[in-house]
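There are 2 protein chains.
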Amino acid sequence: MLRVIVVGLGPIGQACAKAIRVERDMSLVGLVDLDPSKQGKTLDELMATPGEPVPADPSGKPSPRVTNDLPLSAVDGADVAVVTTSSRLDVIAPTLRVLLDHGMAVVSSCEQMSWPWYRHAALADELDAHARAAGRALLATGVNPGFVMDTLAVALSCMVRRVRAVRCERRVEAGLRRQPLQAKIGATMTAAQFNELAAAGKIGHEGLPESVALIAAGLGRRAEPGSVKITLEPVLAEAPTPSALGLIQPGRVSGMRNTGHWSGDGLTIDLDLTMAVGLSDPKDVITLDGPVQLRLKIPGGTPGDSATVATLLNHIHVVHEAKAGLRTMLDVPPAGCRGRD
Amino acid sequence: MLRVIVVGLGPIGQACAKAIRVERDMSLVGLVDLDPSKQGKTLDELMATPGEPVPADPSGKPSPRVTNDLPLSAVDGADVAVVTTSSRLDVIAPTLRVLLDHGMAVVSSCEQMSWPWYRHAALADELDAHARAAGRALLATGVNPGFVMDTLAVALSCMVRRVRAVRCERRVEAGLRRQPLQAKIGATMTAAQFNELAAAGKIGHEGLPESVALIAAGLGRRAEPGSVKITLEPVLAEAPTPSALGLIQPGRVSGMRNTGHWSGDGLTIDLDLTMAVGLSDPKDVITLDGPVQLRLKIPGGTPGDSATVATLLNHIHVVHEAKAGLRTMLDVPPAGCRGRD
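Chain order of the listed sequences is B and E.
Taken in order, the first sequence gives residues 1 to 341; the numbers are from our numbering.
Taken in order, the second sequence gives residues 1 to 341; the numbers are from our numbering.
No wet-lab data here; the hints were simulated from the structure.
A portion of the hints provided could be inaccurate.
The list cannot tell twin chains apart, which means a pair is met if one copy fits it or any two copies do.
[Unchecked claim] With a Cα cut of at most 20 Å, we get these calculated EDC-like pairs of lysine to aspartate or glutamate:
#: 1; residue 1: Lys323; residue 2: Asp125
#: 2; residue 1: Lys184; residue 2: Glu196
#: 3; residue 1: Lys297; residue 2: Asp281
#: 4; residue 1: Lys184; residue 2: Asp272
#: 5; residue 1: Lys184; residue 2: Asp305
#: 6; residue 1: Lys18; residue 2: Asp79
#: 7; residue 1: Lys297; residue 2: Glu169
#: 8; residue 1: Lys323; residue 2: Glu126
#: 9; residue 1: Lys18; residue 2: Asp57
#: 10; residue 1: Lys283; residue 2: Asp272
#: 11; residue 1: Lys61; residue 2: Glu23
#: 12; residue 1: Lys41; residue 2: Asp69
#: 13; residue 1: Lys61; residue 2: Asp341
#: 14; residue 1: Lys323; residue 2: Asp101
These numbers come from a predicted model, not from an experiment.
Chain B extracted, bound-state conformation (with noise of 0.2 Å):
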């Protein structure tokens, strides 16, 4: 039995909380959020719909409740946390070394801790010294990054001997996920709004420069801090498009195409995400190119929302066997999913 505790308490940390209480393999230990409007509750006050009864939780398993406490003196002997607070790891940071200094092992969603050398190195070459000496692994996954752009193309590549190319395409349909997700790609903006966040770096997909590196350092490369070019556009509607946020008119932005380059060392990287509502044809697409070509598809796309969660929740025995020090997708084998009812 796993005992596991869960740090920033948004929509992802929420559901990584509900999932990880039902295992019959976790015990979920602890919750720790910041925010001073949800210490002290439980899990099922925190999931309920304001003014709405709490629902009691099908598990019949006690909630712990949410505290700030980061010395985290309560939850002392926890073996793995679940860290959903940040995409930034500089921001994560501090977090991470109270909870190795607790002795957990950190499976988490940070977008740049998915290659942390690429935008971080000495922070992350420190925080690699502390986990050895803590004796616990650190390791961000997810759906992206972390799995159908960057690991899934290395762990493909092992079929051929050669890879001049890679190529990942994700299409994602973003009016079937949740109502944050649409606002983040900017659906219902003018154009002129989503190019001024774009300019100003407050719009786009997080993590596509280290999906690249990550990649590269598969395919025996290294993507220096810096060399990945990244282009963002919106993508405009063409026809009265409903929204999560309303209806979205003809020439608004219904999304966003984030596209990731590199090249170096005889192979080229392309990453080309687009999300936007009312997409067609959502997918994700792997091309190996080289003397061999490989292709591989999942047709409707990986679900975003719950595979986030899915792959935090398989990851946690994966991490808490992984060798001590900061660790990437790269260093730990399949997590294959052993949950059962």
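Once you've looked at the hints, dock chain E against the given chain B.
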């Protein structure tokens, strides 16, 4: 620079040796085969067309000469052995022990070794202990078993939290494969000949039960020895079909269909492999059923011969770095293709 030897110089072993020889980060230091007709030959001499001059290897690197010396005194100090001698673990076990005692890690195409506990539990435990004592790893890999009908399904399952059924379908156009493979699947036989061989266990794909057991283990279950149901039937040509063995007349065997089935602990696993000459729509398809369904397709299918060699080579550095013991594809990280010109 990894020093590598190849043990077993059939078509796959020869292709591995040839591929190792051109790699920048590997050195081919030994060739071992028991066949008297191969003794003393260089790789170029082995691969030459009978009666034609021996072509020089484009790599310009020297080749060792074939030896049957399996105390291996000549190649002491090699790092990794590639073993492609037999599908049977009991047959290769003595070779594995010698290689371990000489300090080598081993990567093998031995199908039964891909989940060695299914057919040879006691021997597997003994080899595991031997490998741990020697401080080296043993690993079997390949296309199938090894990746497209097992490991890839486990890897994909990290995206979901419940799997109720795994289905892997592989359709191979054997007309594109080497002649021995076409013979192996029964091309040009009568159905009666095929069924007689099938009843005697002398035809059929090797490794389906191991693939099933590997998937089960990856999803936290255990397929007990003998629990996988196998079916085998001939595929009959509907029209005259050219093959490497001559024209296949309608009604004659063009190939085979082999299935594996297991069910237990809330999970069903079905593998469906068809290999036939003239097959339409070759592909690999993995379906994970559960509350969230995932489907992955490799249109055209993974090319068998080149991919077998590629995955053995890509796992050379993986097995060299792996933890000592008898390992499986569930224990090791993705073997990205690091080869380059």
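> What label fits Lys283 with Asp272 when the C-alpha limit is 20 Å: within, between, both, or neither?
Replying inline: within (12 Å within a copy, 25 Å between copies)
>> Reference check for the pair Lys297 and Asp281, CA-CA at most 20 Å: within, between, both, or neither?
In response: both (12 Å within a copy, 15 Å between copies)
> Given identical chains, is Lys18 near Asp57, meaning Cα to Cα at most 20 Å, within a copy, between copies, both, or neither?
Replying inline: within (9 Å within a copy, 61 Å between copies)
> Using 20 Å as the alpha-carbon threshold, which applies to Lys297 and Glu169: within, between, both, or neither?
Replying inline: Both: 9 Å inside a chain and 15 Å across chains, each within 20 Å.
> Using 20 Å as the alpha-carbon threshold, which applies to Lys41 and Asp69: within, between, both, or neither?
Replying inline: within (14 Å within a copy, 71 Å between copies)
>> Regarding Lys323 and Glu126, is the shortest C-alpha distance of 20 Å or less found within a copy, between copies, in both, or in neither?
In response: within (16 Å within a copy, 25 Å between copies)
> Quick one: Lys61 to Glu23, C-alpha cut-off 20 Å, is that within a copy, between copies, both, or neither?
Replying inline: Answer is within: at 10 Å inside a copy they meet the 20 Å cutoff, but 56 Å across does not.
>> For Lys184 and Asp272, with the copy left unspecified, which applies at a CA distance of at most 20 Å: within, between, both, or neither?
In response: within (18 Å within a copy, 43 Å between copies)
>> I want to check one pair: Lys323 and Asp125. Are their C-alpha atoms no more than 20 Å apart within a copy, between two copies, both, or neither?
In response: Intra 16 Å, inter 23 Å, cutoff 20 Å: intra-copy only.
> Should Lys61 paired with Asp341 be assigned to within, between, both, or neither, using CA atoms and 20 Å as the limit?
Replying inline: Within. Shortest intra-copy distance 15 Å satisfies the 20 Å Cα cut-off; inter-copy 57 Å does not.
>> At most 20 Å between alpha carbons: which applies to Lys323 and Asp101, within, between, both or neither?
In response: Intra 16 Å, inter 26 Å, cutoff 20 Å: intra-copy only.
> When no copy is specified for Lys18 and Asp79, does a C-alpha distance of 20 Å or less occur within a copy, between copies, both, or neither?
Replying inline: within (18 Å within a copy, 47 Å between copies)
Comparing the model with each earlier hint shows no violations; every hint is respected.
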